[in-house]
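Per UniProt numbering, the sequence shown starts with residue 1, numbered consecutively.
Derived from the structure by calculation, the hints contain no laboratory data. Where hints are given, some of them may not hold.
[To be verified] Derived pair list, reagent style DSS-like, types lysine-lysine, alpha-carbon separation capped at 27 Å:
#1 65 to 236
#2 95 to 214
#3 310 to 30
#4 310 to 381
#5 310 to 65
#6 246 to 307
#7 239 to 65
#8 249 to 310
#9 239 to 249
#10 249 to 65
#11 240 to 95
#12 24 to 246
#13 236 to 246
#14 30 to 240
#15 239 to 307
#16 381 to 236
#17 236 to 249
#18 310 to 239
#19 95 to 246
#20 30 to 249
#21 30 to 307
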Amino acid sequence: MSTNDKESTIPSPSPVVTPTAPSKFWKHAKTALGHVLDQWFLIALGIVVAIASQVQVAESQQHTKSTVVSYLCVCVVFLLTGLTLSTRALFTNYKRIGLHLYVQGFCFLIDSASVFAVMTLFGTNHHLMDPGLLVGFVFMGCVPTTISSNVVMTRSAHGNEAVTVVESTIGNVLAPFISPLLIRMYLLSGAWWTQSLDQFTSGSLTALYRRVFKQLGLSMLIPLFVGQVIQNLFPKITKKIMTEYKVGKLSSLALLVIVWSAYDAAFATGAFDTIPSSNSIIVVFISIAFYIVWLALGVSTARLLFKFNKRDTVSIAYCVPAKTPAMGVPLATSMFVGLDASTRAKLQIPLVIFQGLQIAMGSLLVPAFRNWVRDEEEREKALLEGKNTGKERESGNV
1 MSTNDKESTI PSPSPVVTPT APSKFWKHAK TALGHVLDQW FLIALGIVVA IASQVQVAES
61 QQHTKSTVVS YLCVCVVFLL TGLTLSTRAL FTNYKRIGLH LYVQGFCFLI DSASVFAVMT
121 LFGTNHHLMD PGLLVGFVFM GCVPTTISSN VVMTRSAHGN EAVTVVESTI GNVLAPFISP
181 LLIRMYLLSG AWWTQSLDQF TSGSLTALYR RVFKQLGLSM LIPLFVGQVI QNLFPKITKK
241 IMTEYKVGKL SSLALLVIVW SAYDAAFATG AFDTIPSSNS IIVVFISIAF YIVWLALGVS
301 TARLLFKFNK RDTVSIAYCV PAKTPAMGVP LATSMFVGLD ASTRAKLQIP LVIFQGLQIA
361 MGSLLVPAFR NWVRDEEERE KALLEGKNTG KERESGNV
């Protein structure tokens with residue numbers, strides 16, 4: 001056999017296939033998908049508002065729906081809070097008088113005064129905004145901080161959840177006594193737009209007290225207590241279930257149902273049909289401005305003036321700019337007898353719009369706050385591990 005024949009029978013080496021790096025498109029797509037998943041709550045929020053705008057529960061069933069949602073969903077949030085929150089941390093934060101004075105003073109006094117000042121400015125033009133909306137903003141500024149969304153957002157942002165629970169509780173207990181006094185004070189200012197409620201006589205607040213304290217007890221305090229009992233009786237099982245099965249996500253789902261219920265009621269009563277669309281746009285921009293100003297003022301004074309740590313500041317950031325829609329309309333109907341449907345609808349518009357915006361903006365802030373408190377969390381974790389190591393050494397020496 002010739003040399004050429006031998007060479008022709010030798011198999012040529014197969015080409016080496018080098019793995020190709022993933023294209024830039026897929027990298028960007030994966031990054032974009034990650035950002036979308038991080039903001040799943042915000043996307044879901046937009047979906048439930050859109051659903052509420054198109055399909056509403058029948059008017060005859062609105063009261064039943066609101067009652068079930070306000071009790072059941074808030075109960076879920078606080079049961080899960082009780083299952084995860086340290087009992088010691090809860091009692092420790094109830095003793096922080098300075099923190100209570102700061103948060104409640106901000107929520108009731110600074111918020112309401114700034115709203116009244118801005119509404120007085122807008123009221124100089126009699127044709128700019130409907131007087132019912134101006135009064136509705138005053139009601140919004142005087143009501144307490146919200147409960148459910150504050151707790152859910154604080155937990156997601158790794159803030160001091162105990163502070164949020166304590167301040168939300170205190171604020172909603174004080175509100176039936178403080179809010180009516182503030183509202184009456186502002187409405188007695190003599191401004192032309194406050195006269196829209198002069199036709200209605202003052203009513204008794206007894207029904208409001210009964211309703212508020214009943215709801216606080218059944219939907220908040222009792223579930224929180226039950227959760228604390230279960231956590232302390234079965235700590236290992238409770239921790240395993242809450243962490244491995246992601247049960248805490250139920251709080252976010254409950255919050256979405258609460259938002260849907262509020263917007264469903266607003267669209268069902270035709271609240272947004274009682275005012276021009278230009279007024280609705282103005283309400284949106286004013287609400288965003290209030291939230292940003294209150295948030296910035298709360299965070300800056302908490303850190304620079306009162307020297308609160310980062311986790312406390314995150315809790316304050318969610319408490320001081322937030323407002324609960326659950327008390328606005330009941331407060332108005334209790335204070336003014338015979339409130340007609342049109343006036344009631346106008347009063348609730350600022351609160352309903354502000355609720356959606358505060359939850360949306362609070363959701364956007366979660367990743368930023370979570371990164372901000374990371375170094376403080378790591379220091380606390382290292383300190384706790386050091387203490388546990390010291391205790392193990394002492395027990396070993398004994």
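Hint check results:
1. Note on residue 65 and residue 236: the hinted pairing is violated, with a Cα-Cα distance of about 37 Å set against a maximum of 27 Å.
2. Straight-line distance between C-alpha atoms of residue 95 and residue 214 comes to about 24 Å, which keeps the hinted pair within the 27 Å bound.
3. Our distance criterion of 27 Å between C-alpha atoms is broken by residue 310 and residue 30, whose separation comes to about 32 Å.
4. This hinted pair checks out: residue 310 and residue 381 have alpha carbons roughly 15 Å apart, not beyond 27 Å.
5. For the hint pairing residue 310 with residue 65, the CA-to-CA distance comes to about 39 Å; that exceeds 27 Å, so the pair is violated.
6. Between residue 246 and residue 307 the alpha-carbon distance is near 34 Å, which puts this suggested pair outside the 27 Å criterion.
7. Restraint check for residue 239 and residue 65: the C-alpha separation of about 33 Å exceeds 27 Å, so the hint is violated.
8. At most 27 Å may separate the alpha-carbon atoms for a hinted pair to count; residue 249 and residue 310 meet this at roughly 24 Å.
9. In summary, the hint linking residue 239 to residue 249 is supported, as the alpha carbons are separated by about 15 Å, within the 27 Å threshold.
10. Under the criterion of a C-alpha separation no larger than 27 Å, the hint pairing residue 249 with residue 65 is consistent with the structure, at around 22 Å.
11. Between residue 240 and residue 95 the alpha-carbon distance is near 30 Å, which puts this suggested pair outside the 27 Å criterion.
12. With a C-alpha separation of about 33 Å, the suggested pairing of residue 24 with residue 246 is violated against the 27 Å cut-off.
13. With a CA separation close to 15 Å, the supplied pair residue 236 and residue 246 stays within the 27 Å bound.
14. For the hint linking residue 30 to residue 240, the alpha-carbon distance of about 31 Å lies beyond 27 Å, and the restraint is violated.
15. For the suggested pair residue 239 and residue 307, the alpha carbons sit about 32 Å apart, so the restraint of at most 27 Å is broken.
16. The straight-line distance between the Cα atoms of residue 381 and residue 236 is roughly 19 Å, inside the 27 Å bound, and the hint therefore holds.
17. Between residue 236 and residue 249 the CA atoms are separated by roughly 20 Å; this keeps the pair inside 27 Å, and the hint holds.
18. Proposed proximity of residue 310 and residue 239 is supported: the alpha carbons are some 25 Å apart, at most 27 Å.
19. A threshold of 27 Å between alpha carbons decides the hint, and for residue 95 with residue 246 the separation of about 31 Å lies outside it, so the pair is violated.
20. This hinted pair checks out: residue 30 and residue 249 have alpha carbons roughly 23 Å apart, not beyond 27 Å.
21. Taken as a hint, the residue 30 and residue 307 pair is broken in the structure, with Cα atoms around 40 Å apart against an allowance of 27 Å.
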